[in-house]
Structures are given as structure tokens and as C-alpha cells.
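Student: Sequence:
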Amino acid sequence: MLNSYAKNRSSKNNAPSAAAGRLAKAVWRRIDEDNMTTLAGNLAYVSLLSLVPLIAVVFALFAAFPMFSDVSIQIRHFIFANFIPATGDVIQGYIEQFVANSSRMTAVGAFGLIVTSLLLMYSIDSALNTIWRSTRTRPKTYSFAVYWMILTLGPLLAGASLAISSYLLSLRWASDLNSVIDDVLRIFPLILSWVAFWLLYSIVPTAEVRNRDAIIGSLVAALLFEAGKKAFALYITAFPSYQLIYGVLAVVPILFVWVYWTWCIVLLGAEITVTLGEYRKLKKEETEQS
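Quick note: the sequence shown uses full-length UniProt numbering, first residue 1, plus one each step.
If you are wondering where the hints come from, they were derived from the structure by calculation, not from laboratory data.
Errors might be hidden in some of the hints.
Restraint ranges, calculated between C-beta atoms of paired labels, are given here [as the list claims (entries may be wrong)]:
(1) 206 <-> 148: 12 to 20 Å
(2) 112 <-> 287: 48 to 56 Å
(3) 235 <-> 37: 16 to 24 Å
(4) 32 <-> 223: 19 to 27 Å
(5) 137 <-> 32: 23 to 31 Å
(6) 210 <-> 139: 20 to 28 Å
(7) 143 <-> 28: 30 to 38 Å
(8) 145 <-> 230: 31 to 39 Å
List of simulated lysine-lysine pairs, BS3-like, C-alpha gap at most 25 Å [unchecked claim]:
(9) 25 <-> 284
(10) 25 <-> 283
(11) 25 <-> 281
Every residue gets a Cβ at the ideal spot worked out from N, C-alpha and C, and that includes glycine.
Produce the complete structure using the sequences and hints provided.
Tutor: Structure follows, in C-alpha cells:
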């Protein structure tokens, strides 16, 4: 009697760890089946081609609205400080130079910038639907409208939020909340990454995605992204092998490695999200059969 009770109790205690182990194996199997690292490499390549055009389009949108002139500088510094670790100042200098040169292009060149930016969004759409193994397709006009909305409204909403934050901080009654605001700003990059990944996993796939699965997968991706920034910056600082080998050109492989690592994290979060849904369905079927 006592032996059976002890066995039942130990099996209950081991159930969460066993479930976590099965889930980890399922995620690893999907990573291998979907060739996740290859998808990340493709997205990294397209991202590097689209990086300057995308930033040029975003800054052009800010330039069209004089109220966002000061906010655009804040967003620029925020992006390079929080999303490109280590050599951010060097990369920022090059990209700003490229963007300044792109402002002198003709209408045909500007159209090419927009097309290149939309190409990145199409590649992200294709990669995520490959991971979800979705055969459903959206109308081309609908997809273009979604891409264009993200490209135009996304930066403007970000600029509006920063403008509102700056205005609130300038008020007298907000001076007493500076310490609280400072604490919030420290975790703001994590919250922003979490929300961005959650929207990515919820909206982009044409398959049905459960909200709880997207929240968990996006949280894991956001935590890995924040940890990856610190680890990558530490590696570049402690082991400056790229600078020794490539010299002034070291910024190129460093940027590529970071972009590739970022897409690995993004796709890993997607794999976790889709595996959670599959694992829940499998567990439900096993329960019904038993």
C-alpha cells in the first residue's frame, strides 16, 4: 500500500519534468525538420540587403511629419542602443551615411527602396508560414496592404508613443515619478521585444495560433534576445578576434552574425509557439484514448 502510494506520488512529481522533456524533444525535432538555421540564414541575408532601405523609408516618414523631427533622433538612438549591441556607434555612422545618400535618389530609386523593404516582410511571412506548415494563402492585395500598414503606421505609432512619453515627463507632476519611470525604462526593451514577437507570431502566420501559445513563445524569444544582446556584447569585448582579423571591416561580419543570431531567436520562439499547440492537441488525444 505504502509502496504504491510512493510510486504514485513520485510519478506525479516527475510529471512536469517529463512533460518539459517531451516538449523540448518535440521543439528540437521541429527545428531539425524545418531547417531552422537555414531559414535564419536566408532571413539574415535579406535583412542585410533591406536594412538601409527599411531605415531610409522609416526616416523619410518621420521627415514628412515635422512634429516627429525630435522623436526620430530618440528612436534612432534607442534602436542602436538596444537592438544592435557592441559596435552600434560604428554601424550607426555607416547606416546614417547610407541613408543620407539615399535621400538624393530619384523617384525610381525611392520605389526600389520601398520594394526592397517589402521584400523583407514577405520573406518573414514565408519563413513563419513554413514553420507553421500552413497551406493557406492570403490574397496578394491583402498581404500588400498589411505589409504597407506595418511599414507606415508602425514607425508613426512608435514615434507618437515616444512623443507622448516625452511630454508626460516634462510635466511638473511627473517629476515625483522619475524613479519609477527609470525602472520601467530599464525593462522597456524587454517589454517592447515581447510585444513585437507576440504580434509577429499572432498575426503573420495564416494558420490559427492560440494566444497563450504566442505569449509563451514570444516571452521566451524576448528573454533570449535580451540575454543574447548582453552575451554578444561581452563576446565582442572580451574576444576581439573579428577586429584583429578584419580590422576596420570587422563591423560587416559582426553585424551579419548578430542579425543571424537574432533570426535564430525569432524562429526558435516560433518553433516553441507552434510546438505548444501540437503538444496540447497530442496530449488531448492521448487523454481521450485512455
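Student: For each hint, tell me whether it holds in the structure or not.
Tutor: For each hint, the structure was consulted:
no.: 1; hint: 206 <-> 148: 12 to 20 Å; in the structure: 18 Å, holds
no.: 2; hint: 112 <-> 287: 48 to 56 Å; in the structure: 55 Å, holds
no.: 3; hint: 235 <-> 37: 16 to 24 Å; in the structure: 19 Å, holds
no.: 4; hint: 32 <-> 223: 19 to 27 Å; in the structure: 23 Å, holds
no.: 5; hint: 137 <-> 32: 23 to 31 Å; in the structure: 26 Å, holds
no.: 6; hint: 210 <-> 139: 20 to 28 Å; in the structure: 25 Å, holds
no.: 7; hint: 143 <-> 28: 30 to 38 Å; in the structure: 31 Å, holds
no.: 8; hint: 145 <-> 230: 31 to 39 Å; in the structure: 38 Å, holds
no.: 9; hint: 25 <-> 284; in the structure: 18 Å, holds
no.: 10; hint: 25 <-> 283; in the structure: 15 Å, holds
no.: 11; hint: 25 <-> 281; in the structure: 16 Å, holds
Hint violations for this structure: none, all hints satisfied.
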